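Protein chains: 2
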Amino acid sequence: MDNLVKVAVDAMGGDYAPAEPVKGAVDALAASENIYVFLVGKKDLLEQELSKYTYPKERLAVVHAPEVIETAEPPVNAIRTKKDSSIVTGLSMVRKGEADAFVSSGSTGAVLVGGQVLVGRVKGVERSPLAPVIPTVKGVSLLIDCGANVDARPSHLVQFARMGSIYMEYVMGVKNPRVAIVNIGAEEEKGNALVKGTFPLLKECKDINFIGSIEARDIPYGYADVIVCEAFVGNVILKLYEGVGGALISLVKQGMMTSARSKIGGLLVKPALKETMKSFDVTEYGGAPLLGLKGLVVKTHGSSRAIEIRNSILQCIQFKSQDISGKIREKLEQAKVQEEKEGEEETV
Amino acid sequence: MDNLVKVAVDAMGGDYAPAEPVKGAVDALAASENIYVFLVGKKDLLEQELSKYTYPKERLAVVHAPEVIETAEPPVNAIRTKKDSSIVTGLSMVRKGEADAFVSSGSTGAVLVGGQVLVGRVKGVERSPLAPVIPTVKGVSLLIDCGANVDARPSHLVQFARMGSIYMEYVMGVKNPRVAIVNIGAEEEKGNALVKGTFPLLKECKDINFIGSIEARDIPYGYADVIVCEAFVGNVILKLYEGVGGALISLVKQGMMTSARSKIGGLLVKPALKETMKSFDVTEYGGAPLLGLKGLVVKTHGSSRAIEIRNSILQCIQFKSQDISGKIREKLEQAKVQEEKEGEEETV
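Just so you know, the sequences run in chain order C and F.
Quick note on numbering: the numbering used here labels position 123 of the first sequence as 122, and the sequence is numbered without any gaps.
Quick note on numbering: the numbering used here labels position 182 of the second sequence as 181, and the sequence is numbered without any gaps.
Hints listed in this document are in silico derivations from the structure and should not be mistaken for laboratory results.
Since the structure is predicted, the reported quantities are computational estimates derived from the model, not experimental observations.
Worth double-checking, as some hints may not be accurate.
Which copy is meant is left open, so a pair is good if it fits within one copy or across any two.
What the hints assert, rightly or not - 27 angstroms max Cα-Cα, derived DSS-like pairs, lysine-lysine:
#	residue 1	residue 2
1	Lys-262	Lys-137
2	Lys-252	Lys-205
3	Lys-42	Lys-205
4	Lys-319	Lys-293
5	Lys-205	Lys-122
6	Lys-335	Lys-252
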């Protein structure tokens, strides 16, 4: 078991729990022999679900967690009081090293707070960002941060840029990823106080490929691989992506029903259109990692189906084999040493 | 001429000047007998363009402005030094009361700065927001603020809510417009410092129909009529709308070229699809007013064609006949009186 990547799966989280998380786990086990799954949740429920499937029993264990944290619960309080919830149990397993990763479609707030409090941040990490990949016409980009900690400082954003670069390079396989900061114009002097404070710091970073500002208009065209912003803006971008995409699709469908001619055309283009839409669907790309923690925590959409949970579990293999947490620690340490050296030189 | 709405049009601004602004002005004159147009720009160029058209000469005058402010110029400096530019000339006409409104597709920065400095704000207005209408599946919403003044305070956002309500009610004809603040969750305790500071103030406003937070995902579905946010976020929303829309359309078109079947279907749905896309195109809805100024200033897209300029000119009729600037002044005065009264009551 030691050479397997051990993933704790929150079987009680999300709109379709426990059915979809259980199916996702079973599918992941079928897809890779390198995975061991802990299904965390109400034992009797999970065993009942599992009885529907054939799966390698030596690579799956049920971990009983009788409590469930609801989406509407205030996160800090939920983490503190529901010690036997699937979220607290799964995160604690990561902290103790019993699991390498925790995957959950449950309360975003509870997962974010719990990740920081229970798993803990890598030494040197000031804030742990939630970094989903978003579709572009060229492939995908990493949007960092979309978490719950708003009102960031420039030093946070610089760390996001470094962590995001590591993720895109070693998990997504993008060589020398282009890093850009979300801004309201391309010029260096534009932006709010946070962006103006961050821009010169990013320009000084020799260990990332900083290409400057990116306007929101250019994000869907894939002009950058790592899109740095503070969480409020990231959240707006992520959700508007979803909203505009969904609204347009519904309008396109309506538009096709307006005449006999377009109805026939609609039937003919339907399969091709469905494929296209899938490639631009944010929910198709597995979960968002919470970067900079001592173990891996992946947040999947509340509306996740088995396919997303399966993909998120499989994503953990690359994350562990590439030792992303270790690489983040090293990079931040090196950056600190470099800054101190430059500081000394300036003093001398 | 006194009963006509006098609109100064920047004939040198935008990617297609002077051809498209001139055509837009001529089209507006044909569409309404209540309009008088001042075409502001290089006289010889404009007269040459005008010679292509037949138009009511008694309702159009060319105002010579030999200088042009380029998009890349730092706005404050441009406004200060280029006194004979079309932007400074047009805005000065509004200040002096020679024109009721100024419509420009030129440098956004110069129009925003010039609007505040040259036309001046209505008494009581702390900041003048740029408020474009954006398409939704139900119609349109007003996105306020998308301007250049970032890092707003709660009191600014409260004024935006009031000004936006007036615009939607009296210019767009939406009775009792629903006002929402852009947030990262529906709960009152969510948000960054600015939103948390603004939310309770909006709740207390008896003169607007505040419905709470709106997540970016719900904006394209038309859940609110007036979408309040600070300018950095507004800018991101506006440009991402454009970006996601454009990227999706190009993907849909590509998708239709993948097989013989979908190619035929594509031809059949093309007219219906084009109509649909038009209804969701941000550039179709005329210009964005800069609200809270002593006259009307309308900023149209840099890529505006005649149709957008024509629509923006016609929009000025409603703005003037409804005395929007006067209504804004009154509403803000009433709000101030109300606040002072409540302050006194609390002291007593």
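Fill in: Copy assignment of Lys-252 with Lys-205, given that the CA separation must stay at most 27 angstroms
neither (48 angstroms within a copy, 40 angstroms between copies)
Discussion item. Regarding Lys-319 and Lys-293, is the shortest C-alpha distance of 27 angstroms or less found within a copy, between copies, in both, or in neither?
Written reply: within (11 angstroms within a copy, 62 angstroms between copies)
Practice prompt. Can you give me the call for Lys-205 and Lys-122, within, between, both or neither, at a CA distance of at most 27 angstroms?
Written response: within (21 angstroms within a copy, 50 angstroms between copies)
Discussion item. With identical chains, the pair Lys-262 and Lys-137 could be close in the same copy or across copies; at 27 angstroms between alpha carbons, which is it: within, between, both, or neither?
Written reply: This pair counts as between: shortest inter-copy Cα distance 22 angstroms, intra-copy 30 angstroms.
Worksheet item: Checking Lys-335 and Lys-252: alpha-carbon separation at most 27 angstroms within a copy, between copies, both or neither?
Response: neither (53 angstroms within a copy, 48 angstroms between copies)
Item to complete: Indicate which option fits the pair Lys-42, Lys-205 if close means a Cα-Cα distance not exceeding 27 angstroms: within, between, both or neither.
Response: neither (51 angstroms within a copy, 52 angstroms between copies)
This entry does not satisfy hints 2, 3 and 6, going by the numbered hints stated previously.
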